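Asker: Read top to bottom, the protein sequences are chains A and B. One point on numbering: in my numbering, the residue at position 92 of the first sequence is 92, and numbering is uninterrupted. One point on numbering: in my numbering, the residue at position 138 of the second sequence is 138, and numbering is uninterrupted.
Since the hints were derived computationally from the structure, they do not count as laboratory data. Some hints here could point you the wrong way.
Looking from chain B toward chain A, a few residues come up when the C-beta cut is under 8 Å (computed) [to be verified]:
#: 1; residue: VAL127
#: 2; residue: PRO146
#: 3; residue: LEU156
#: 4; residue: ASN160
#: 5; residue: GLY161
#: 6; residue: ILE168
#: 7; residue: GLU225
#: 8; residue: PRO227
#: 9; residue: LEU269
#: 10; residue: VAL459
#: 11; residue: GLU460
#: 12; residue: LEU491
#: 13; residue: GLY492
#: 14; residue: VAL496
Computed footprint of chain A on chain B, listed as stretches where at least three residues anywhere in the stretch have a Cβ under 8 Å from a Cβ of chain A [stated by the list, open to error]:
#: 15; stretch: 415-425
#: 16; stretch: 481-490
Selected chain A positions facing chain B (in silico; Cβ < 7 Å) [said to hold, decoys possible]:
#: 17; residue: ALA16
#: 18; residue: VAL18
#: 19; residue: ALA43
#: 20; residue: VAL48
#: 21; residue: LEU86
#: 22; residue: VAL90
#: 23; residue: GLU119
Since the structure is predicted, the reported quantities are computational estimates derived from the model, not experimental observations. The beta-carbon is built from N, C-alpha and C at its ideal position, and this holds for glycine as well.
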Amino acid sequence: MPDPFRLLEAMVLLTALVGLLGLIWRRNLFLRALALDVMGTGAISLFVLVAARSGLRTPILARGELALNAVPSIAWADAIPQAVILTAIVIGLSIQALLLVVIARLSRLDPLLDTASFEALVIAAPPEAAGGRRA
Amino acid sequence: MADPTTLDAWLIAWLLLPFLAAFSSALLPRLARSLALVCVLTTLAWGVWASLPGRQVLFELIGSLGVQLQLDGVAAPFLLLNALVVLAVLVDSWRQPPPGPFLLLLMVLLGGLNSSFLATDLVSLYVALEVVGITAFLLILQSREPRQLWIALRYLLVGNGVMTLFLIGSGLLYLYTGSFRLQSLQELPPGSTTLAVGLALVMLGLLTKAGVFLSGLWLPQTHAEAPAQVSALLSGVVVAGGICPLLRLALLLPAQQPVFTWVGLASVLLGLVYALGDGDLKRLLAWSTLSQMGFALLNPAAGGLFVLGHGVAKGALFLAAGKVPSRDLSLWGQQPLAPALGLTVLVGALSIAGAPPLLGYYSKATLETLPLTGIPGLPVHLLGWLLPLLMVGTAAVYARICWLPLGAGWQVPAPGGLLLALVLVLVGLLAPLLPGGSPFPSTAALGKGLGVLAAGAAVEALRRGLRRPVTALGFRHRLRLPNLESLIDLLGALAVVGAGLQLLLLRLQPVSTDLLLVEALCLA
């Protein structure tokens, strides 16, 4: 039986990879934003997993519990990754919101949200090249 | 000198000031300009303070596991650059601020960048860079035209995707080191796959934010399509938000310097080739940013000063580029420019090309004189030959915009750009007199600098001479460079660069086949 921590780590990284592939290959902008969220979920689960490596119990003590549980034998979870990932969750949420606002505005141009139709907005053909083709 | 706790308190107050000022300016819009000026001037003062020799402050918030910030000689040139570019943009928009919450965003950008220059732990860095990214996104969105909506969306998709990878990388590194500190990376045992993956993802995040090599392919279109003042900010100082932590990383991990050198050289070449081939003024400037950021990675000890010299000049050029009659380079030089505008362009271009009395000359000279690290397969003396050659390429790029007729008149269309150009000239003239500054350049060094310029001009003359026969023979469209800037290229490039970094970091050990498969698919 493989180490469950390793197995979970691999699955979490796989989630992030699936998100990245979706971000690269989806043509629909909305699905791309969704894939980005899948990637974010992978990152968050990785931090939760890292925090749970040393134990599952969150190091928060109820009132009166302090004297009882001062023994170090309890397997506490690592509080640092837990605290850190809260910030990242908030940032990820706000960026998703911003992305969706812009996508909603862009949907007036192309309701199908195909990436190619927006790339046509900024055609990067230098004027010289156009002249060259005619020659 | 004040005692350390008072100093820390002042530093924290300074770091928080732009955010408080931005909040107050939302409540009292009439104060916005003066508040922004105060933020800029305090940043300038701290930058000057930190650039004096021997100054280093390391401080921790919430104990040894919390945020760690470091104000030192690495951060100093970046703080000066931040203050100067934001000051120039502020001066440019003093009479008539652009619509929307421009000044508020300017202050948040200044604050976010200051934090990213000082942060030395991965999580603070993540937060600071995301603040910078979101602010830059909102700044691009100024006019809400469909074009800018698309460019901004692209910027945020790439930026946030790569920062998520950065977060995963720092999580993997935490598994090994038990800390988010950059210093803790020094104690790592070499050779572990997880470690190489973690470090590669962190470096990928920073390289993308810095606009280096293929991971920086988002840069040209974004910088070219944004409004002029925002382009100046993006190309002058926002890319530095990624370069500064990269330099810190390179200084901490001298064993990994070959990776930085390879990526830097590749970026210089890519940027030069595209800048020489492009027909649009702002895109030429943006491609040149991509190549200049590569130079900064070649020599981490001199990188900060180099980015300062480049950023001030690029800010001036972009501010001026917003006021020229046409961005089309085939029409360049047909219409005379106002003298103030023309001189700004000329000083900016000459400074980046490395003309002797300007600031850019000194930053380039330091890059060459400080000892370079050789890399496997490319010994130091070969690198010493390659560097002047690449600088000739830079000179050739800027020779394209140096032929410009000056008109008459006293109007100043881009005051901020003129301010930055003055800084370039004055600091260049005073550089030998500053404390800890470089000595007067020797005749041989001056001759070498002028030789590089002359060779660049010769390349440009050759290019102009060849243009007609090449067009007549129909080579032109066969020789056209491939367009690498669709969204799928940008995102695929991230995967390629990430996989390449892992390979380099594992010292070309055999890798699993699925990684190679992903790479091959992305290339296709």
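Asker: Now, for every hint given, state plainly whether the structure supports it.
Answerer: Tested hints:
1. Checking VAL127/B against chain A: minimum C-beta separation of about 6 Å stays under 8 Å; hint holds.
2. At its closest, the beta carbon of PRO146/B sits 6 Å from a beta carbon of chain A; the interface hint therefore holds under the 8 Å criterion.
3. For the restraint placing LEU156/B at the interface with chain A, the shortest Cβ-Cβ distance is roughly 6 Å, inside the 8 Å limit, so the hint holds.
4. The restraint placing ASN160/B at the interface with chain A holds, with a minimum CB-CB distance near 5 Å, inside the 8 Å limit.
5. A distance limit of 8 Å between C-beta atoms decides the matter here; for GLY161/B the minimum to chain A is near 6 Å, and the interface restraint holds.
6. For ILE168/B, the shortest C-beta to C-beta distance to chain A is roughly 5 Å, which falls under 8 Å, so the interface hint holds.
7. Taking 8 Å as the C-beta cut-off, the interface hint given for GLU225/B holds, the closest approach to chain A being about 6 Å.
8. Taken as an interface hint, PRO227/B does not check out: its beta carbon lies about 15 Å from the nearest beta carbon of chain A, beyond 8 Å.
9. Hint on LEU269/B is violated. Least Cβ distance to chain A is approximately 20 Å, over the 8 Å limit.
10. Nearest Cβ of chain A to the Cβ of VAL459/B: about 17 Å, over the 8 Å cut. The hint is violated.
11. Interface hint at GLU460/B: violated, since its Cβ lies 15 Å from the closest Cβ of chain A, which is beyond the 8 Å cut-off.
12. Because the beta carbon of LEU491/B sits about 4 Å from the nearest beta carbon in chain A, less than 8 Å, this interface hint is met.
13. The beta carbon of GLY492/B comes within 6 Å of a beta carbon in chain A, closer than 8 Å, and the hint placing it at the interface holds.
14. This hint is violated: VAL496/B has a C-beta 11 Å from the nearest C-beta of chain A, more than the 8 Å allowed.
15. With 0 residues bearing a CB less than 8 Å from a CB of chain A, the stretch 415-425 of chain B misses the requirement of three and the coverage assertion fails.
16. Evaluation of the coverage hint for the stretch 481-490 of chain B: fulfilled, as 5 residues show C-beta separations to chain A shorter than 8 Å, against a requirement of three.
17. Restraint check, ALA16/A versus chain B: the minimum CB separation of about 6 Å is within 7 Å; hint holds.
18. Interface restraint check for VAL18/A: the shortest CB-CB distance to chain B comes to about 12 Å, outside 7 Å, so the restraint is violated.
19. At its closest, the beta carbon of ALA43/A sits 5 Å from a beta carbon of chain B; the interface hint therefore holds under the 7 Å criterion.
20. With 7 Å as the threshold, the beta carbon of VAL48/A stays out of range of chain B, its nearest partner Cβ sitting at about 10 Å, so the hint is violated.
21. The beta carbon of LEU86/A comes no nearer than 11 Å to any beta carbon in chain B, farther than 7 Å, and the hint placing it at the interface is violated.
22. Because the smallest distance between the Cβ of VAL90/A and any Cβ of chain B comes to about 10 Å, over 7 Å, the interface hint for this residue is violated.
23. Interface restraint check: GLU119/A against chain B, minimum CB-CB distance 5 Å, threshold 7 Å, status holds.
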